[in-house]
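Those protein sequences? They're chains C and E, same order as listed. First residue of the first sequence? That's 1 in my numbering, and the numbers climb one at a time after it. First residue of the second sequence? That's 1 in my numbering, and the numbers climb one at a time after it.
Don't take every hint at face value.
[As the list claims (entries may be wrong)] So the derived label-pair ranges between C-beta atoms look like this:
| no. | chain 1 | residue 1 | chain 2 | residue 2 | range |
| --- | --- | --- | --- | --- | --- |
| 1 | C | A92 | E | A174 | 19 to 29 Å |
| 2 | C | H269 | E | R16 | 39 to 49 Å |
| 3 | E | A174 | C | R175 | 24 to 34 Å |
Don't read these hints as lab results, they were simulated from the structure. Ideal Cβ positions, reconstructed from N, Cα and C, are used throughout, including at glycine.
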Amino acid sequence: MTARVLDLPRAAKRDGAGGLRLPRALLAALLPAVLLAGLEAAVRAGAVPANLMPPPSEVARTIIYLAGQGLAGHAAASTLRVALGFLGGAGAGLLLGATVALHRGARGLLDPSLQALRAIPSLAWVPLLLLWFGIDELPKLVLIGIGAFFPVYTGVTSGFAGVDRKLVEVGLLYRLPPPVLVGRVLLPAALPAILTGLRNGLSLAWMFMVAAELIAASRGLGYLLSDGRETSRADIVLAAIVLLAVLGKLSDMAMLALERRLLAWRDTHPETGART
Amino acid sequence: MSFLEIAVEDKRFGGRQVLRDLRLSVRAGEIVSLLGASGCGKSTLLAIVAGLDRDCTARVRLDGRELHGPDAGIGFVFQEPRLFPWLTVADNISFGAGLRNAPAQAVEALLEEVGLPGYGQALPKQLSGGQAQRVAIARGLYTRPRVLLLDEPFSAVDAITRMKLQDLLARVAAERGLSVLLVTHDVDEAVQLSDRVALLERQPGPARAVLPVGLPRPRARGGAGAALLKRQILAHFEVDLAA
C-alpha cells in the first residue's frame, strides 16, 4: 500500500491581492468611532442638549464611576438571569422541538398549540407571570425562558423538517435503528438550523431580561436603566445600554465560535458564510 | 442460475402506474444495464430492489432468499454521491459499518482501489465531483455487498472522469465477482459495461427486450461489435422516436 501526501485544494483567500484592505476589526470599529466622534463634537458644540444625550466621554466616565459602585454586581445579576432563563427556555425548546419533529403523534398534538402560543407577543405574559409568581426572581426567569424558547423550538423543528431526504435514504439503506439514524444523520443535518435557533434564542433572552428587570428588580442592568430614567441621568441609561451591548455581543461571539467549531464541515463561501 | 430476481407487479405514484409486470434477473457476477426513457421507472425499480420503496406489489429474491427491506447483501450508489458533509471521507466510507471503529486499513485499501489514496481525512467539501463519486462507490463496496445497484452514477461528471469511473466499476465488479444492476441513459455506457442490457418500455409493462452484449473483456471503446450493438439498441427505441 502506498501513502501519498495529500494536497487538498486550499480555501480561496479572503482578501484579493489588489486594493487596500483594512483588518476586519478595524473596519468594524470605523463606523461607531465616526459616530461617537461626531456625537461628542455635536454635544460639545451645543447642537445636542447634554442632559438628554451626554457626550460619549461623559458616558465613559460614568461607566468608570459605576465600576466602583457595584456595576459588576449588576452585570453579573443580569448575566446570571440570562444564563438561567436561556438554559431553561432553550432546553425546553430543544426537547419539545425534537419531540415534535421526530414523532408524528407529538407533532399533531403539540405543534398547533405551540404555534398558537408563539403568536402571542411574549411581553403579554408579564402581568400573568407577576400574578402567578409575584415580583421575585421566578417571573423574570420564566419570561426570559419564554423569550428563548420559541426561536429554539422553531430552529429545531425547521432543522429536522429540512433534512435532505436523500441523506436519510442512505441511513435507511444501511438499516440504522431510529435512535442511531437520529444521532448520525438527522441531528448533524439539522444542526445548522438548531444553532441558528439557539443564537436567536440567546439574543432574545437578553431582550427579555431587560424587560423583566425594568418591571421589577433591585439589581441588574435593567434596574440601572430604570434608575437612570427615574433620576433623569441619561448618562447612567447610556452606560447601562453600552454594557448590555457589550455583554450581548460577547455572548453572541461565544455562540458564533461554537457554531463555527461545530459546523466547520459546511461548504460556505468565505465571503458569505456565517461570521457576523 | 439467477442470483437476483425481481418481479414488480404494480407500482404507482398517486394514481399513476409507473411499473407493471416487470420481471428481471441478474446472474452472479453479471452486469445488467437498464435503459429506457426518462420517467419509465428505472430509478424506482432500483429503490424497490434496495428496499427503500416498499409501497408497491413486488418481490425481490437474493440468492433464493426473499427480501423485505434494505439488505446487507445489496449496496447502492446513487446518482449524486450523497456523502455526509460532516463526516470525513473515511467515516463516509465506513458509514454502513455502524458505530464500531472501522479498520483504517480496510478503508485505505478501498481508497486505493478507487484511486484516492491518502484522502481518508478529507471532508467531502474538499473533493471534486468525480472524487466524491469514487468515495460513494467505495462506500457502496465497504460492506462487501454481493449486488451493487447503481443509479446513473456517472451522469454528473465530465466525459474523461466518466470513462475512468466506468473502467473502475468494470474492474472492481470483475475482481469481486459482483452482480451489478446499472441504470443509465447512456447507450455507450451500457454496451461498454454490461453483460446484458434490459430495455424498458416507456409505458408500464414488461421489458421490451433483454439483449446479451457478448463482447469480450476487457473492452476497447468504439469497437465494431459495440457499434453494431448500439445500433441494435437504438433501433429498439426508434418506435419511441417516431411517436
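Comparing the hints with the structure gives:
{"no.": "1", "hint": "C/A92 / E/A174: 19 to 29 Å", "result": "violated (57 Å)"}
{"no.": "2", "hint": "C/H269 / E/R16: 39 to 49 Å", "result": "holds (40 Å)"}
{"no.": "3", "hint": "E/A174 / C/R175: 24 to 34 Å", "result": "holds (28 Å)"}
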